[in-house]
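The sequence shown maps to residues 1 to 216 in my numbering.
Take the hints with a grain of salt, since some may be wrong.
Unchecked claim - Derived SDA-like pairs: lysine to any residue, alpha-carbon spacing no greater than 20 Å straight-line:
hint, residue 1, residue 2
1, Lys63, Phe46
2, Lys192, Ala139
3, Lys192, Thr165
4, Lys78, Leu59
5, Lys203, Leu152
6, Lys192, Ile213
7, Lys203, Ala161
8, Lys110, Val83
9, Lys203, Thr140
10, Lys202, Gly169
11, Lys110, Glu174
12, Lys78, Ala157
13, Lys78, Ile60
14, Lys110, Phe172
15, Lys203, Ala135
16, Lys202, Ala157
17, Lys203, Arg170
18, Lys110, Ala161
19, Lys110, Glu173
20, Lys192, Glu174
21, Lys203, Asp143
22, Lys203, Gln188
23, Lys110, His99
Don't read these hints as lab results, they were simulated from the structure.
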Amino acid sequence: GAALAIGLLAGLYPALILSRLKILEIISGRTSGGSMHSMRKGMVVFQFLITVFLISSTLIMRKQVNYLQNEDLGYSYKTALSVRLFPRPGEDTTFVSRHRSTMANGELLKRALTQHPEVSDLAMASHTFGSNSWANLVATEEDGTYWRFRFLLADPAFISAFDITMAEGRNFEEDNLSDERQGVIINQAAVKLFELEDPIGKKLPPSNFGDHIIIG
1 GAALAIGLLA GLYPALILSR LKILEIISGR TSGGSMHSMR KGMVVFQFLI TVFLISSTLI
61 MRKQVNYLQN EDLGYSYKTA LSVRLFPRPG EDTTFVSRHR STMANGELLK RALTQHPEVS
121 DLAMASHTFG SNSWANLVAT EEDGTYWRFR FLLADPAFIS AFDITMAEGR NFEEDNLSDE
181 RQGVIINQAA VKLFELEDPI GKKLPPSNFG DHIIIG
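Start from the sequences, fold in the hints, and give me the full structure.
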């Protein structure tokens with residue numbers, strides 16, 4: 001029914017318009033303007049604007065998709081496989097204790113995977129890139145300053161496994177108890193957020209972030 005109605009309307013309108021036209025006046029170029037002529041011109045301009053809008057939208061969307069597919073995110077992920085690990089039964093008291101228990105289970109998996117030559121890098125962290133479940137820290141200082149940022153706990157192999165380039169400082173070191181207990185690596189967005197100059201060796205402003213030191 002809709003197709004029939006649209007077909008009739010699409011055919012009737014130009015037929016009625018053409019039946020009113022005087023062919024000799026059109027050929028001689030003596031047609032008068034009038035409101036119908038202005039409306040037709042307006043419709044042509046309107047259609048042209050819609051066309052420009054659709055073409056522009058398509059080009060913008062194409063550019064955005066190309067950005068998502070090809071932009072350098074600062075880490076390598078195309079050949080990375082993420083495996084979710086779980087803490088040992090009963091280790092559900094605190095975030096840190098669950099993380100340590102999960103890391104211990106991860107060590108068993110790492111030792112098994114190192115036997116396969118197809119696996120080039122192995123690293124463990126509390127969360128992965130692209131997930132929304134990073135640990136969240138919210139702090140309000142005595143002067144009313146409000147801080148909110150996310151972080152993850154990672155082992156020394158994490159930076160190299162994702163081919164992350166250090167802008168300054170160094171990575172975590174194996175068997176370095178100071179790094180394990182106090183070492184913090186931040187990104188350049190955090191440097192800008194906390195307005196840090198020469199951040200290496202300094203601490204982040206939130207007072208409840210614990211005893212730590214920025215190493216990279």
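**OP:** Decide if the proposed pair is consistent with the structure: Lys192 and Ala139, CA atoms, cutoff 20 Å inclusive.
**Re:** holds (18 Å)
**OP:** Mind checking the alpha carbons of Lys110 and Glu174 for me, to see if they're no more than 20 Å apart?
**Re:** Holds, at roughly 15 Å.
Original post:
Keeping to a limit of 20 Å between CA atoms, is the pair of Lys110 and Glu173 held or broken?
Top reply: Roughly 18 Å between the alpha carbons, so the hint for Lys110 and Glu173 holds.
Subject >> 20 Å Cα cutoff - pair Lys78, Leu59 >> reply: Given pair Lys78, Leu59 is violated - Cα atoms ~26 Å apart, limit 20 Å.
**OP:** Would you mind confirming whether the straight-line C-alpha gap from Lys203 to Ala135 stays at or under 20 Å?
**Re:** Holds: Lys203 and Ala135 sit about 18 Å apart, inside 20 Å.
Original post:
Is Lys203 within 20 Å of Thr140, Cα to Cα?
Top reply: holds (16 Å)
Original post:
For the pair supplied as a hint, Lys192 and Glu174, is the alpha-carbon distance within the 20 Å limit?
Top reply: violated (29 Å)
Subject >> Proposed proximity, Phe46 with Lys63 (alpha carbon, max 20 Å) >> reply: violated (26 Å)
**OP:** Please work out if Lys110 and Ala161 have their alpha carbons no farther apart than 20 Å.
**Re:** holds (13 Å)
Subject >> Restraint status (C-alpha distance of Lys78 to Ile60 at most 20 Å) >> reply: Judged against 20 Å, a Cα distance of about 25 Å means the pair is violated.
Original post:
Is the hinted pair Lys192 and Ile213 satisfied, with a Cα-Cα distance of at most 20 Å?
Top reply: holds (17 Å)
Subject >> Restraint status (C-alpha distance of Lys192 to Thr165 at most 20 Å) >> reply: Cα-Cα ~18 Å, so holds.
Hints 1, 4, 7, 13, 16, 20, counting from the list given before, are not met by this structure.
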